[in-house]
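Just so you know, the sequences run in chain order A and B.
All residue numbers for the first sequence refer to our numbering, where the first residue is 1 and numbers rise by one.
All residue numbers for the second sequence refer to our numbering, where the first residue is 1 and numbers rise by one.
The hints are simulated quantities; they were obtained by calculation from the structure and are not laboratory data.
All C-beta atoms in this analysis are idealised placements derived from N, C-alpha and C, irrespective of residue type, glycine included.
Treat the hints with care, since some could be wrong.
[To be verified] Take a look, some chain B residues computed to stay more than 12 Å from chain A by CB distance:
hint	residue
1	2
2	8
3	21
4	27
5	46
6	66
7	73
8	82
9	95
10	135
11	193
12	208
13	220
14	315
15	320
16	327
[Stated by the list, open to error] The calculated SDA-like cross-link candidates involving lysine to any residue, where the alpha carbons are at most 20 Å apart (straight line), are:
hint	chain 1	residue 1	chain 2	residue 2
17	A	64	A	47
18	A	45	B	30
19	A	125	B	120
20	B	2	A	209
21	A	107	B	44
[Stated by the list, open to error] FRET-style restraints, in silico, Cβ to Cβ:
hint	chain 1	residue 1	chain 2	residue 2	range
22	B	21	A	68	51 to 57 Å
23	A	136	B	185	49 to 55 Å
24	A	176	B	277	15 to 21 Å
25	B	84	A	36	38 to 44 Å
26	B	161	A	124	37 to 43 Å
27	B	42	A	93	21 to 27 Å
28	B	23	A	48	19 to 25 Å
29	B	24	A	27	17 to 23 Å
30	B	42	A	176	47 to 53 Å
31	A	18	B	14	22 to 28 Å
32	A	176	B	320	47 to 53 Å
33	B	324	A	93	25 to 31 Å
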Amino acid sequence: MKKNIKLISKNSIQFRLFLVMALMMGIMVFVNLFLYQQMSSMVQKVDTVYSSNVQLSDISDTLKKVEDSLYEYLNTRSTVSLENYYRYSQEYSDLVERLNDRNVDNKALMLEKNIRNMSLSYLKKTDETIQAKRGRNVESYRTLFDEDRELYHFINYYIYELDSSQFDVNSENYQTLLSTIQVLEWISILIIVLIFIMALLTAMILIREMIHPLQTLADTATLVANGNMDVEVPVSRRNDEIGIVTAAFSKMLESIRAYIAAVKEGLARQAALKEHELSMEANLKEAQLKYLQAQINPHFLFNSLNAGAQLAAMEDAEQTGIFLQRMSDFYRYNVKKTGGVSTIGEETEAVDNYIYILNVRFMGDIAYEKRIEPGLENVQIPTLCLQPLVENSVTHGIHDRMGRGKITLTAETADPFIQITVADNGAGMTQSQIAEIMKVAAADTNESDPASSSGMADAFLPGAGQADSLNRNSVGIGLVNVIRRLRLFYGQEDLLCISSEGKGMGTEVSILIPAGREENKEKE
Amino acid sequence: MKKTGIAAALCAALITLLLCIMLLYSAHRLSAIMQQGGDEETYDRNYMLITDDPSAFLRSIYKSGVEEAHQNGDVLQWVGYDSMVDFNLEDEMTIAAAAQPDGIILDVADDKMRKELLDTACGADIPVVLLMNDLSDPGKVSFVGLNNYQIGQLYGMQAVSALKSGENTISVLTRKAGDEQQIDLTYTQMVRTIDSWASDIRVTITPVEVSQDTPFDTEETVRNIFLSDELPDILICLDSVSTECAIQAAIDYNQVGNVAIIGYHASDTILDAVKKGIVLSTLEVDTDEAGSSAVQALDGYLSEGRVSEFFPVSGKMITRRNVDQYLTKTEDTGGEDGK
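Let's have the full structure, built from the sequences with the hints guiding it.
Below you can see the structure in the form of structure tokens.
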């Protein structure tokens, strides 16, 4: 309510509209009253124009009544006629008393005075006539009646003359008044038309004054809606509703701009943060890669390992020398054969080296058995197919069962395939885990996890926990990589299968190699 | 928007202007009507003029009488003048007696009628001043008119100037034969003057009466003179009507120059005739003096009770020599105006 009252201030549109309407209405009322008053006075004057003629007509009529009643009385001497005479003579006397009795330089008024005086003389004479009649003075009342009659005629002549002259004057006045009324009517019509036009013009001005800022505001809003946030909001110095709307719009626009700026700033910060993160990650990975590369640098590695073997030989540390030599062989195989083709014999040898290294690490806790069908050593298979499987068996199968863990590697003919199986008696896998792995393997991804191609390297990375985590995570990835390479190498699906009877029941991973690949076909 | 504002302001200005015009116009029109009655000056006394002579001569006297009356705070009315009904003298007097004016100015040629009317007025207690025609009656207040001796002398001198050698006939037109006393005085003086100034010439002077019983008698009488076998050498007219009739008859019967007309009054027609030589000379009565003296006589009676006074009215002969100055005077005053 207070807000409503505030709006109905002298600056509000409501008030101004009211003011203008009131003003126009006031002007209309005033003008109408004025016109009415003018016309009314004219009409009143018209009504009275012939009043003098009416008055004279009354006088003439009454005079006739006096004369007739006098004659009637003289003729019949009736009481009624006498009463009539007295009544009409009084009436007539009252009427003529209203006529002019001043000496003025005006013919009509002097006529009135003459009529008045003659009438008074006439009434005096008629009274004398009545008296003479009552006194039965026949000669007297007859003579007097003749004089009365004569005077009666003279009075009538004068009344007629006055009536005519006044009629002429009154007719002129009447025409004057009529013409004046006509002129006033035309002026009135003109005034009303002008008031109408003025009201229209005033309304136009008022509406334009109200609409123009709204139009400007609407145009500005359209520009803002079209994305131009830098548009200038028209400044309104008005304190009315439109001013309030304009100010509110301006505030809203400022808020939007501030919000957009804040959002942009936030996005920029996020982007910077993300960029930093990515940069960190990239750097980390680069570092990791470089570190790995530094570590996997064959010359460095080989030289180091050879140096170590020589050192061990020099120090008569045979086991150490063998260990270092077997490590050197393992890494040499990894480096030379990465991405290429090997034979089953070479792969199993690499597995042997891997197991030997792990057993050194875990003090012979990993039991390993290899059964290769003769004649299969030269069958080609993609490089590093078997080692990742064995690595997974170590990492995920028997890792928690060190001392009791056993890994079996077999290669046998299973027409039309050559089946190579890596089995362990470790943790086993659930069917869902198997399905998940196979699902991941079935997805078309080009990513290769460097960790899965060198499981051994992961075991030696600093932060073994993280490395373990990576390794654990690399089960799917390593297998995925193997499955992908088998698919690419042989052009067939389903060349790797995983089976397990459940948790704690061990796992068997089998590779099915289509028969017919000879040693001489090497793929780079 | 500026144009709209200007247009609206213009409309407002026009409305205001029209309202003012309307106010002023209606006020002006109403005041013109209102002024027709009520604001006139009130005068003290009301006088009435009764006459049987509606000529320009009387109108001139009436006009001066009205002016004198206004100056003295009186109003003068001419009974029956400009009336739709043709009242006779008795009617007019009856009307005047009933209207009860403060005084009556009476100009009636006929003695008997004059006496009758005077008695009627006296019976109604209304004072009467006789104009141009006197009456020896105690009922009158005063007399305003011509000095008959002077008039007779003036006419006589004019007649002498027109006499030819040998026999001359002079006809003298009078308004009424019954006006014997005045006619006698004027006539006698006229004859005396002619005799004394033209004793060696034979002159026959004949009075011709013009009856006032019926209208247009004067014109008929004058026509008869011009149609008769014996046209007089000199025709003397003692009133303005007979003078104008004589002028017209002289023109109509081609007698201009054959009869010397000596007339009465200085109306435009008569002055023009003097200038053209149709009329030898005309007696100009100072009508201003006559009218004003009549009103003064009544004022004197009502204010101071003065009675039985004689207010002489001067006369002057207008001839061809001095007619121009009278014609000029007539042009300046816009011609005759009886009312």
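Right, here's what the structure says about each hint:
Its beta-carbon lying about 10 Å from the closest one in chain A, residue 2(B) breaks the requirement of being farther than 12 Å from that chain. Not every Cβ of chain A is farther than 12 Å from the Cβ of residue 8(B); the closest lies at roughly 4 Å, contradicting the non-interface assignment. For residue 21(B), the condition that its CB be more than 12 Å from all CB atoms of chain A is violated, with the nearest at approximately 7 Å. Not every C-beta of chain A lies more than 12 Å from that of residue 27(B), the closest at about 9 Å, which undercuts listing it as non-interface.
For residue 46(B), the requirement that its beta carbon stay farther than 12 Å from each beta carbon of chain A is not met, with the minimum near 5 Å. Not every C-beta of chain A lies more than 12 Å from that of residue 66(B), the closest at about 8 Å, which undercuts listing it as non-interface. With 12 Å as the threshold on Cβ separation, the claim that residue 73(B) sits away from chain A is violated: the shortest Cβ distance comes to roughly 9 Å. Against the 12 Å criterion, residue 82(B) falls within the reach of chain A, whose nearest CB is about 8 Å from its own CB.
Its closest Cβ contact with chain A, about 5 Å, brings residue 95(B) to no more than 12 Å, contrary to its assignment away from the interface. No Cβ of chain A approaches the Cβ of residue 135(B) within 12 Å, the least distance being about 25 Å, so the stated non-interface status holds. Every C-beta of chain A lies more than 12 Å from that of residue 193(B), the closest at about 44 Å, which supports listing it as non-interface. Here residue 208(B) stays apart from chain A, with its beta-carbon at least about 36 Å from theirs, past the 12 Å limit.
No Cβ of chain A comes within 12 Å of the Cβ of residue 220(B); the nearest lies about 30 Å off, and the non-interface call holds. Remark: the non-interface label on residue 315(B) is consistent with the geometry, its nearest Cβ contact in chain A lying 30 Å away (cut-off 12 Å). Distance check for residue 320(B) against chain A: the nearest CB is about 40 Å away, which clears 12 Å, and the non-interface claim stands. No beta-carbon of chain A comes within 12 Å of the beta-carbon of residue 327(B); the shortest separation is about 30 Å.
Taken as a hint, the residue 64(A) and residue 47(A) pair is broken in the structure, with Cα atoms around 26 Å apart against an allowance of 20 Å. The hinted pair formed by residue 45(A) and residue 30(B) meets the criterion: a straight-line CA distance of about 8 Å does not exceed 20 Å. Only pairs whose Cα atoms come within 20 Å are accepted, and residue 125(A) paired with residue 120(B) is accepted, the gap being roughly 16 Å. Our distance criterion of 20 Å between C-alpha atoms is met by residue 2(B) and residue 209(A), whose separation comes to about 11 Å.
For a cut-off of 20 Å, the pair hint linking residue 107(A) to residue 44(B) stands: about 16 Å separates their Cα positions. The hint said 51 to 57 Å for the Cβ distance between residue 21(B) and residue 68(A), and at roughly 54 Å that hint holds. Between residue 136(A) and residue 185(B) the C-beta distance comes to about 53 Å, which sits within the given range of 49 to 55 Å. For residue 176(A) and residue 277(B), the hinted distance range of 15 to 21 Å is not satisfied, since their beta carbons lie about 51 Å from each other.
Residue 84(B) and residue 36(A) have their C-beta atoms about 42 Å apart, which keeps the hinted 38 to 44 Å range intact. Range check, residue 161(B) to residue 124(A): Cβ separation about 59 Å, and the 37 to 43 Å hint is violated. The given range of 21 to 27 Å is respected by residue 42(B) and residue 93(A), whose C-beta atoms sit roughly 23 Å from each other. Checking the proposed 19 to 25 Å range against residue 23(B) and residue 48(A) shows it holds: the Cβ atoms sit about 21 Å from each other.
Between residue 24(B) and residue 27(A) the beta carbons are some 20 Å apart, a value that agrees with the proposed interval 17 to 23 Å. For the hinted restraint 47 to 53 Å between residue 42(B) and residue 176(A), the CB-CB distance of approximately 27 Å leaves it violated. At roughly 26 Å, the beta-carbon separation of residue 18(A) and residue 14(B) lies within the given 22 to 28 Å, and the hint holds. Range check, residue 176(A) to residue 320(B): Cβ separation about 51 Å, and the 47 to 53 Å hint holds.
The hinted range of 25 to 31 Å is not satisfied by residue 324(B) and residue 93(A), whose Cβ atoms lie roughly 59 Å apart.
In summary, the numbered hints that this structure violates are 1, 2, 3, 4, 5, 6, 7, 8, 9, 17, 24, 26, 30, 33.
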